[in-house]
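> Quick mapping for you: the protein sequence lines, in order, are chains A and B. With my numbering, the residue at position 147 of the first sequence is 153, and numbering never jumps. With my numbering, the residue at position 13 of the second sequence is 19, and numbering never jumps.
It is worth saying that the hints were derived from the structure and are not from the lab. Please note that a few of the clues may not be correct.
Copies of the same chain look alike in the list, so a pair counts if it fits in one copy or across any two.
Pairs of lysine-lysine, DSSO-like flavour, derived with a Cα cap of 30 Å [claimed, not checked]: (1) Lys117 x Lys103; (2) Lys117 x Lys164; (3) Lys117 x Lys195; (4) Lys103 x Lys195; (5) Lys179 x Lys195; (6) Lys73 x Lys164.
Single-letter residue listing:
2 protein chains.
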Amino acid sequence: MRRTQIANAPIFLLVISFICWTTALASICSTNGLPLVRNINDLPQSDFGRAGLSHITVAGAVLHGMKEIEVWLQTFAPGTRTPIHRHSCEEVFVVLKGSGTLYLASSAGVKHPGTPQEYAISSNSTFHIPINDVHQVWNTGTDEDLQLLVIISRPPIKVFLYDDWVMPHTAAKMRFPYYWDEECYHFPKDEL
Amino acid sequence: MRRTQIANAPIFLLVISFICWTTALASICSTNGLPLVRNINDLPQSDFGRAGLSHITVAGAVLHGMKEIEVWLQTFAPGTRTPIHRHSCEEVFVVLKGSGTLYLASSAGVKHPGTPQEYAISSNSTFHIPINDVHQVWNTGTDEDLQLLVIISRPPIKVFLYDDWVMPHTAAKMRFPYYWDEECYHFPKDEL
């Protein structure tokens with residue numbers, strides 16, 4: 007009898023771990039019972055596999071039930087950057103700290119982004135990205151983090167990623183759900 | 007002849023003043039040729055007749071041609087507050103400085119807002135207002151400004167104002183265009 011108990015211990019621990027993991031995931035992903043006022047410092051942050059990035063979803067569709075706007079707090083270590091990308095939603099940036107460069111190419115009427123315009127950005131800068139324009143934000147500084155408040159419409163975001171500025175728009179790789187929505191996003195049920 | 011010239015001088019000055027005023031207004035209100043990257047410190051700010059308020063439209067529909075989101079930077083001196091109001095758009099707040107109180111009443115299924123819930127807010131707080139919920143943000147502190155980044159969907163904003171929390175929803179006074187959109191908003195031409 008004692009032997010069976012010991013033999014079952016690993017299975018028991020595995021079951022308990024699984025229950026804890028699914029409960030934690032359910033609670034991270036549930037928008038029910040979220041406090042209305044949240045402290046941004048207490049919200050989960052991650053680099054989502056991109057060294058030098060810190061992303062916090064301040065108010066999001068998938069995480070907080072937002073319908074029309076989503077707000078992120080993103081920090082880029084010196085030398086790090088967003089991918090070259092586009093999305094069919096409006097986006098506003100407010101630079102809270104640091105400095106860097108915005109690269110922006112209009113997608114209107116051409117087959118690939120081409121050489122982007124460069125704009126210097128720094129603390130207290132604000133700018134917006136016209137819908138579908140290909141862009142990249144880069145912390146071109148050497149010693150200071152670049153911290154941005156980012157606002158998008160039509161959440162959750164669907165991103166088209168480019169390897170470089172000469173990649174055809176049609177070859178850009180779609181990513182949906184995006185990294186920070188992946189864990190909690192539920193695909194709508196097939197209604198057929 | 008000399009007499010006529012002197013007599014005409016006030017009219018001439020009036021015409022010149024009018025030309026200068028309309029030119030200045032046209033340039034404030036034109037979204038053409040706006041720099042893409044703007045410094046928030048250089049953007050116009052006003053109290054719009056409400057003592058203790060500083061409002062800056064960081065990225066706006068009427069002022070900057072935004073279609074889906076609008077961003078404001080608002081500062082409330084100690085003791086000052088927003089009116090009690092509602093609007094049919096999403097709204098997200100990020101508290102940048104100071105502290106205060108959010109008053110929030112659900113508008114669902116009742117004739118008037120009724121006693122609102124109270125929530126303490128402070129630097130690094132974030133919260134959002136569900137569409138059409140009646141609310142008020144108040145700098146209840148005594149010595150520090152309350153500074154907020156405010157984001158709304160569906161700009162430009164149409165606000166319904168309440169005198170108090172027992173005013174029926176149907177009696178709330180509509181204000182459109184709102185104070186900061188008034189100068190530059192153009193009503194669509196009647197198509198009939």
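> Next, verify each hint and record whether it holds.
Against the structure, the hints come out as follows:
1. Lys117 x Lys103: neither (35 Å within a copy, 45 Å between copies)
2. Lys117 x Lys164: within (20 Å within a copy, 40 Å between copies)
3. Lys117 x Lys195: Classified as neither; 35 Å inside a copy, 37 Å across copies.
4. Lys103 x Lys195: neither (42 Å within a copy, 43 Å between copies)
5. Lys179 x Lys195: within (24 Å within a copy, 42 Å between copies)
6. Lys73 x Lys164: For Lys73 and Lys164, the Cα distance is within 30 Å both inside one copy (15 Å) and across copies (18 Å).
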